[in-house]
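These protein sequence lines are chains A and B, in that order. At position 201 of the first sequence the residue is numbered 201 (my numbering), and the sequence of numbers has no breaks. At position 376 of the second sequence the residue is numbered 376 (my numbering), and the sequence of numbers has no breaks.
Derived from the structure by calculation, the hints contain no laboratory data. Certain hints may be false.
Stretches of chain A that chain B covers, calculated by requiring three or more beta carbons in the stretch to come under 8 Å of a beta carbon on chain B [to be verified]:
1) 45-51
2) 54-68
3) 179-185
Calculated cross-link-like contacts (lysine to aspartate or glutamate; reagent style DMTMM-like; alpha-carbon spacing at most 25 Å) [claimed, not checked]:
4) K403/B - E366/B
5) K321/B - E366/B
6) K321/B - E457/A
7) K403/B - D224/A
8) K321/B - D397/B
9) K304/A - E244/A
10) K199/A - E237/A
11) K403/B - D331/A
12) K321/B - D410/B
13) K304/A - D331/A
14) K199/A - E182/A
15) K321/B - E48/A
A few chain B residues that don't get close to chain A, going by computed Cβ distances all over 10 Å [stated by the list, open to error]:
16) P21
17) A349
18) G356
19) S357
20) N359
21) A361
22) P391
23) R396
24) H401
25) E406
26) A408
27) P411
28) R412
29) N413
30) M414
Where a beta carbon is used, it is the ideal one built from N, C-alpha and C, also for glycine.
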Amino acid sequence: MTDHATTRPRAERLVTFLTACLGLLTLLLATAGPARAQEGSPGPLRLELTEGVIEPLPFAMPRFLAESAQADTFASQITQVVRDDLVNSGLFRAISPDAFIGRVTNFNAPVQYPDWRAINAQALITGAVTVTDDGRMQVKFRLIDVFGQDQLIGRQFAASSQSWRRMAHKVADAIYARLTGEQGYFDSRVVYIAEEGPKDARRKRLAVMDYDGANIRYLTDASDLVLAPRFSPNAREIIYTSYETGVPQVFLMNIDTLSRRLIDQERNMSFAPRFSPDGRRVILSLSDGRQSDLYTFDIATGRKAQVTNTPAIETGPSYAPDGSRIVFESDRGGGQQIYVMAATGGSAQRISKGQGRYATPVWSPRGDLIAFTKILNGRFHIGVMGTDGSNERLLTGSQLEEGPTWSPNGRVIMFFREAPGAQGGPSIYTVDVTGRNLRRLATPTFGSDPAWSRLLE
Amino acid sequence: MPGVRRLTARTGTGDPVETGPKISIAAHGAIILGVAFGGPIFDADDSAAIQISEVSIVSGAEFASLQSQAPRVTEPAAAAPAAPAAPDGPEVPAIPTPDTALAAPAAPDAPSPPELPADAAVPEPIPQPVIEAPTQADTAQAALGGAVTVPDIPEGQVDNPVAEPEQLALVRPRPRPARRIDSTPAPPPPEDLPTGDTQVDATAPDESTTPQPDPPARPAAPEASTTEIVSDDDATSAAPKISMRPRGRPSDITRRAQAAREATAAAEAAAAAAAAETDESATEDTRAAQAAAIAAALAEVDAGAAPSAAVVGPPLTGSEKAGLVLAVRECWNVPVGVQDAGNLRVVLAVNMNPDGSLNGAPRLIEPGGTPQGLTRQAFEAGRRALLRCAPYDLPRDKYEHWKRIEVAFDPRNMVLR
């Protein structure tokens, strides 16, 4: 018994001692080893970032300076339009002027970077407006990287003061392009169907507006039913479908002179037109009452060429940006689906592979995506997919929405959504191609069937 | 009778009867033996235990001494790692025993601290209590004193809080940038001259009118320090007696100090020679020469303020790296939605200051060449991220490992296809 009692502590102490030795040894190796291994100059520390944040970039934009007496109102308005453009894109966030520490009193004064850093403004936009006595306006601006302490861009535009809004859009486009690396889309127009009145007696007119809903101009009166207007590449002409002869027919209209003419001189039923990217041809559906096929018309000569020839209904054609291929919808396989084929005809390949029906395909101006309307389980969705049908993504969904159209840079999709109820009507929405930033466009009346122009020249 | 027989049999048979006493004898014998020899056994045991505990106590003491040394090793950014590095290489070739291991760091550590102050004769002005808290003044003084062999910064100056910051601004370890708080409200711009139509020139927007950056604070300071130094040149003896090892000092400080002293001596010699001719101009010359010497020394410190590359601490731990990645990530606004955003991988390099701030602007190293198109935006997004989130909280004693950082920004996983 006593032996036991004595030997056990001994063993324990031995173990303790050995453990201590081992610990010290480990400690020694841990401290001495790396230190010796790290002698000499270590290389740079490499970090790999694969995740960041997705948030609007905060910018500060003090009111543009009015450098002449008449410019005062314009300076405020232009500042507002530029700010709205940037904010509406969803990629930028305006810092409230109340938070500003610094003030800009001279367009050429050095930037007080600490003042803007302090409010975490990553970009600073300063500008000035001058209006001369003869009504000419000059708008100049600088875009400054506050943290990089670097002027990214500085430009000036001059035009008649009547087009102050376009100049503001151009300023916003330049800023957008410099910060994102993509072309802007603010200096552009939208043609759409303005709708008024109760649902059972809806009056529809063709209308053109700035992309943000300003400067609305009506092109037709409400006497005839009009549908599906589309811009020509130079945004001076539109093609649309009108029922003024009793059957749907496609017309070409100059939006400045409002002069118009029928595309198909043979007066067949025609609808769903769209311009080719070079603006020289129109592709549309012609119907003899039993089937409808795709045809192209040369605008200058009026020459007609058939693209498809099947017993099915084929409509809603849209060109790829290079004009080599078209995408269209067809029920040749039984249901309403999306197909791609060469612009001159040939065999078509179905690219819509999911469940449900697909309609109104539109090729992105960037060429990488096709936007469409999808009808699934009684719900309508706006979505995008690759040009081979891959990576389908639905961006929005509601009871009834359709008619996507691309912004000039292929970054934003505009479409219309029908509100339910007797008093409800269609409204125009925009959504980013990422599915973010869904916004309703403020129009004075209901609006449907929007078509976005390219950037104005 | 069976009962009697059994009884007799039990008592009659010798064996069972003798067992009891035997056991008793054996037990007693064992007890006696235990008493007799137990003492030595216990003694031996005790002595053994004491021995062991001695060892453990000794090692504990060593441990304590090691730990007491430890702060000195890790705290000063530059000088500390030098200790293990120099002697370790030759002295500990094989797996060392604990004793030598403990001794090893301690021994070289001891000589190194006295060495610096003795040679440099610099750090006198740094009072011990000041070290930790007011990082700005403290580190700046250290660098200033160490570099220039300034005998002291006169107490009057040190006390004067107004004069100090300006001097400090130019020396190497810059004060950490102010937090982003509007503690100093911007002076309200004067309701200035009416934006004169006539005065303002038409802007050539891009190059010609590029706003001038803030004038650097640098040039102003050397003059101030020069005058101070010259006026107090003789007051070396007034320096505080307690000296403290400066922090974040380059390891070859003695050489620098020597060089600086020589420069000053040369300047003084030149000034003395000049003094033979004219008194008035001699003073000017002296001042000019000393200013030049000090400026040269400052420049040298500036250029080589980073600790010598030969002295390196342990590398950053995984969590320290992860912390840095997290910090940058917070500020990296990923350019999603951009066409081909998945291929927008850029690598930026940036040099760091020991206080965790950036030393210069981040540069693009991958892809090479001038960034164009979307690469430019990707580069700028990365640059903004690095600049916005600075300064970074990094272990100072491992500065050698992060004084140059390369960050790859790869948005591939963030992009919708």
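Hints, one by one, checked against the model:
no. : hint            : result
1   : 45-51           : holds (count 7)
2   : 54-68           : holds (count 7)
3   : 179-185         : holds (count 4)
4   : K403/B - E366/B : holds, 19 Å
5   : K321/B - E366/B : holds, 21 Å
6   : K321/B - E457/A : violated, 50 Å
7   : K403/B - D224/A : violated, 74 Å
8   : K321/B - D397/B : holds, 14 Å
9   : K304/A - E244/A : holds, 23 Å
10  : K199/A - E237/A : violated, 30 Å
11  : K403/B - D331/A : violated, 65 Å
12  : K321/B - D410/B : holds, 17 Å
13  : K304/A - D331/A : holds, 24 Å
14  : K199/A - E182/A : violated, 41 Å
15  : K321/B - E48/A  : holds, 10 Å
16  : P21             : holds, 22 Å
17  : A349            : violated, 7 Å
18  : G356            : holds, 13 Å
19  : S357            : holds, 13 Å
20  : N359            : holds, 13 Å
21  : A361            : violated, 7 Å
22  : P391            : holds, 13 Å
23  : R396            : holds, 14 Å
24  : H401            : violated, 5 Å
25  : E406            : violated, 5 Å
26  : A408            : violated, 5 Å
27  : P411            : violated, 7 Å
28  : R412            : violated, 7 Å
29  : N413            : violated, 5 Å
30  : M414            : violated, 6 Å
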